[in-house]
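Visitor: One line per chain: the protein sequences are F and L, in this order. Per my numbering, the very first residue in the first sequence carries number 1; after that it's consecutive. Per my numbering, the very first residue in the second sequence carries number 353; after that it's consecutive.
Hints are computed from structural coordinates only; laboratory data are not their basis. Bear in mind that the values here come from a model prediction, so they are computed numbers and not experimental data. Backbone N, C-alpha and C define an ideal beta-carbon position, used for all residues, glycine too. There's no promise every hint is true.
Estimated spans, in silico, between C-beta atoms of each pair [said to hold, decoys possible]: (1) L:Asp380 to F:Pro305: 48 to 54 Å; (2) L:Ser569 to F:Ser188: 48 to 54 Å; (3) L:Arg513 to F:Ala172: 53 to 59 Å; (4) F:Gly150 to L:Pro517: 47 to 53 Å; (5) F:Ala135 to L:Ser569: 49 to 55 Å; (6) F:Asn241 to L:Arg513: 46 to 52 Å; (7) F:Asp189 to L:Thr439: 55 to 61 Å; (8) F:Asp189 to L:Gln509: 22 to 28 Å.
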Amino acid sequence: MSKLVIASIGPASSVQDGGRPGAQRYGLTPSGALDRLALAAANSLVGNQPFAAAVEIGPFGASFTARDGAVRVALAGAPRNADIAKRPVAFDTSMTLAEGETLTLGFARGGSFSYLAIEGGIQGEPMFGSLSVNARAGLGSPYPRPLQAGDELEATDASGAAERRIDLPAPADGPIRVVLGPQDDEFSDTAKQLFLDSEWKISQTSDRMGYRLEGSAIKHLHGHNIVSDGTVNGSIQVPGNGAPIVLMPDRGTSGGYPKIATVISADLGRFAQTPAGRDFRFKAIGMAEAQAEARKFAELLRTLPGLVHDIESFALNLEALQNANVAGSAVSAVDAATWQVPPAGEPPAHEL
Amino acid sequence: MAAPLSPPRLLPSGDSAITVEFSRHIDDAANQRVLALDHAVAQAAVPGVTETVPTYRSLLVHYDPVEIGFDALGEKLLALAQLPVPTMTSTRRWRIPVAYGGEHGIDLEDVANTLKTTPDDIVARHIAGDYRVAMIGFTPGWSYLSGLEKFLHLPRQQNPRLLTPAGTISIGGVQTGVQCLAGPSGWHLLGRTAVRTYQLHRDPTFLLGPGDHVTFSVVDHKTFAEQDRAAERGELVAELISA
Numbered sequence: 001m002s003k004l005v006i007a008s009i010g011p012a013s014s015v016q017d018g019g020r021p022g023a024q025r026y027g028l029t030p031s032g033a034l035d036r037l038a039l040a041a042a043n044s045l046v047g048n049q050p051f052a053a054a055v056e057i058g059p060f061g062a063s064f065t066a067r068d069g070a071v072r073v074a075l076a077g078a079p080r081n082a083d084i085a086k087r088p089v090a091f092d093t094s095m096t097l098a099e100g101e102t103l104t105l106g107f108a109r110g111g112s113f114s115y116l117a118i119e120g121g122i123q124g125e126p127m128f129g130s131l132s133v134n135a136r137a138g139l140g141s142p143y144p145r146p147l148q149a150g151d152e153l154e155a156t157d158a159s160g161a162a163e164r165r166i167d168l169p170a171p172a173d174g175p176i177r178v179v180l181g182p183q184d185d186e187f188s189d190t191a192k193q194l195f196l197d198s199e200w201k202i203s204q205t206s207d208r209m210g211y212r213l214e215g216s217a218i219k220h221l222h223g224h225n226i227v228s229d230g231t232v233n234g235s236i237q238v239p240g241n242g243a244p245i246v247l248m249p250d251r252g253t254s255g256g257y258p259k260i261a262t263v264i265s266a267d268l269g270r271f272a273q274t275p276a277g278r279d280f281r282f283k284a285i286g287m288a289e290a291q292a293e294a295r296k297f298a299e300l301l302r303t304l305p306g307l308v309h310d311i312e313s314f315a316l317n318l319e320a321l322q323n324a325n326v327a328g329s330a331v332s333a334v335d336a337a338t339w340q341v342p343p344a345g346e347p348p349a350h351e352l
Numbered sequence: 353m354a355a356p357l358s359p360p361r362l363l364p365s366g367d368s369a370i371t372v373e374f375s376r377h378i379d380d381a382a383n384q385r386v387l388a389l390d391h392a393v394a395q396a397a398v399p400g401v402t403e404t405v406p407t408y409r410s411l412l413v414h415y416d417p418v419e420i421g422f423d424a425l426g427e428k429l430l431a432l433a434q435l436p437v438p439t440m441t442s443t444r445r446w447r448i449p450v451a452y453g454g455e456h457g458i459d460l461e462d463v464a465n466t467l468k469t470t471p472d473d474i475v476a477r478h479i480a481g482d483y484r485v486a487m488i489g490f491t492p493g494w495s496y497l498s499g500l501e502k503f504l505h506l507p508r509q510q511n512p513r514l515l516t517p518a519g520t521i522s523i524g525g526v527q528t529g530v531q532c533l534a535g536p537s538g539w540h541l542l543g544r545t546a547v548r549t550y551q552l553h554r555d556p557t558f559l560l561g562p563g564d565h566v567t568f569s570v571v572d573h574k575t576f577a578e579q580d581r582a583a584e585r586g587e588l589v590a591e592l593i594s595a
């Protein structure tokens with residue numbers, strides 16, 4: 001049995017899958033990948049179930065070494081400079097690490113989270129049907145905590161199948177779409193308009209529980225305490241200081257702040273990938289449109305395996321790759337995702 | 353009851369969940385209706401519904417918009433909310449042992465001083481209560497109980513503590529609660545129980561369910577320590593008085 005050893009990894013990196021819904025009535029949050037489309041894409045490339053567990057890699061660098069045999073993996077999500085033994089490799093493709101080889105990843109560019117899927121899936125003991133890490137509840141397997149250098153993920157020996165590429169549709173651009181409510185009546189029309197007209201930025205103090213927003217202060221009509229009610233992924237709650245917090249998969253299952261709006265499910269992954277410090281806006285849409293988008297998104301997930309193709313010409317691919325990497329380094333100077341700063345005095349993992 | 357029940361408000365929580373709101377306040381009658389609707393939705397096995405989360409005054413219904421739309425599900429939920437409300441949705445009754453005061457209940461003396469009575473009186477009143485699990489939320493096993501005697505209603509702390517111990521029994525506002533995991537809290541800490549309302553690799557993983565009845569009993573700090581070791585080994589420690 002081969003394994004993937006984590007040679008280095010930055011903060012906010014953990015094993016995540018489709019999550020563990022079903023026990024929110026007991027206060028257990030679902031967890032799961034922040035960008036479900038990227039998770040499913042990475043898994044599709046190596047023939048796994050779409051929501052099998054993969055490594056969710058935070059904005060900083062990481063490196064992985066194959067031991068005791070070859071390991072076949074795939075990368076999707078926020079692009080980064082990536083190489084295996086100085087040989088550049090592309091995102092949205094599968095690749096095989098020979099025994100002893102190391103895959104090295106740089107900073108995320110134009111996004112925050114990347115997904116590394118391992119052929120055959122990550123071996124572990126599911127808890128409530130999921131390997132996803134929820135450190136506060138002591139859940140997650142093989143490690144009930146974020147990943148650290150030295151951790152080992154057991155893998156099945158690489159199948160030797162042809163490497164593949166996935167052609168994902170271009171990601172939607174434009175504002176993050178929301179449905180107003182459930183407590184939009186706790187805000188004046190002026191406050192709601194300010195919410196929709198403001199330029200927002202994601203704060204660096206964000207995490208998998210919630211993304212804090214910086215921009216405007218949204219005032220409440222009747223104070224900021226409501227009787228706690230249930231939350232969903234994408235709930236936008238407004239605490240006393242008026243700075244909204246978008247609840248993410250490790251959220252509390254209930255909360256006592258009014259929720260002005262909810263990010264539509266089709267835009268959750270795109271929102272989760274918005275780099276800290278980049279301006280973005282929200283746009284309110286109606287329920288019928290939001291549900292049509294949800295059905296389109298479900299259809300895209302269902303048809304992902306059909307978007308996977310064998311890579312015909314490695315040489316051609318290399319050229320495209322070099323171009324991509326050159327373009328990538330050009331943007332990375334202005335676009336380095338600094339979503340979560342490592343503790344003071346600790347350089348990003350990929351520089352260690 | 354002949355008069356039709358007032359319909360709840362249907363509030364969209366994004367494209368995949370509906371908040372069915374019976375009241376904006378902590379209200380026992382509303383909570384009974386929440387638990388009754390929760391039960392009715394489970395019985396009716398409404399297609400597309402994936403999960404329900406009862407709270408004090410609303411039921412959050414998660415669903416798959418590929419299976420059912422907002423309007424169709426909303427109609428079904430409104431119809432189910434008109435069914436007669438049973439007086440009891442759960443007959444389970446638990447007794448939970450608590451070590452009150454001292455290091456385990458660091459706010460007991462202050463609470464007694466604020467309410468101009470003795471710590472013993474606070475404990476006597478707290479264990480006299482017949483409580484119901486109104487909701488479980490925030491973190492795994494954090495059980496919010498309704499039925500706190502009015503005398504014990506107290507505003508929450510001005511400055512919430514960032515870390516309070518696992519098993520804390522506390523009061524806040526009109527509620528009392530059993531906290532399972534260590535975490536932040538703005539409530540007044542009266543004591544601690546060894547009972548784990550959430551424990552991995554134990555059957556059942558979650559001890560209390562929404563609607564369950566709960567009473568408290570007093571144990572000394574030495575007994576707490578023994579019970580804590582037993583609970584660590586996977587024993588329930590809580591007493592099931594009626595199933």
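Visitor: For every hint, state whether the structure bears it out.
Guide: Structure-based check of all given hints:
1. L:Asp380 to F:Pro305: 48 to 54 Å: holds, 52 Å
2. L:Ser569 to F:Ser188: 48 to 54 Å: Because 49 Å falls inside the window, the suggested range holds.
3. L:Arg513 to F:Ala172: 53 to 59 Å: With Cβ atoms ~43 Å apart, the hint is violated.
4. F:Gly150 to L:Pro517: 47 to 53 Å: With Cβ atoms ~32 Å apart, the hint is violated.
5. F:Ala135 to L:Ser569: 49 to 55 Å: The hinted range 49 to 55 Å is violated for F:Ala135 and L:Ser569, with Cβ atoms some 34 Å apart.
6. F:Asn241 to L:Arg513: 46 to 52 Å: Between F:Asn241 and L:Arg513, where Cβ atoms are some 20 Å apart, the hint is violated.
7. F:Asp189 to L:Thr439: 55 to 61 Å: Cβ of F:Asp189 to Cβ of L:Thr439: about 42 Å, so the range 55 to 61 Å is violated.
8. F:Asp189 to L:Gln509: 22 to 28 Å: With a Cβ separation near 35 Å, F:Asp189 and L:Gln509 fall outside 22 to 28 Å, so the hint is violated.
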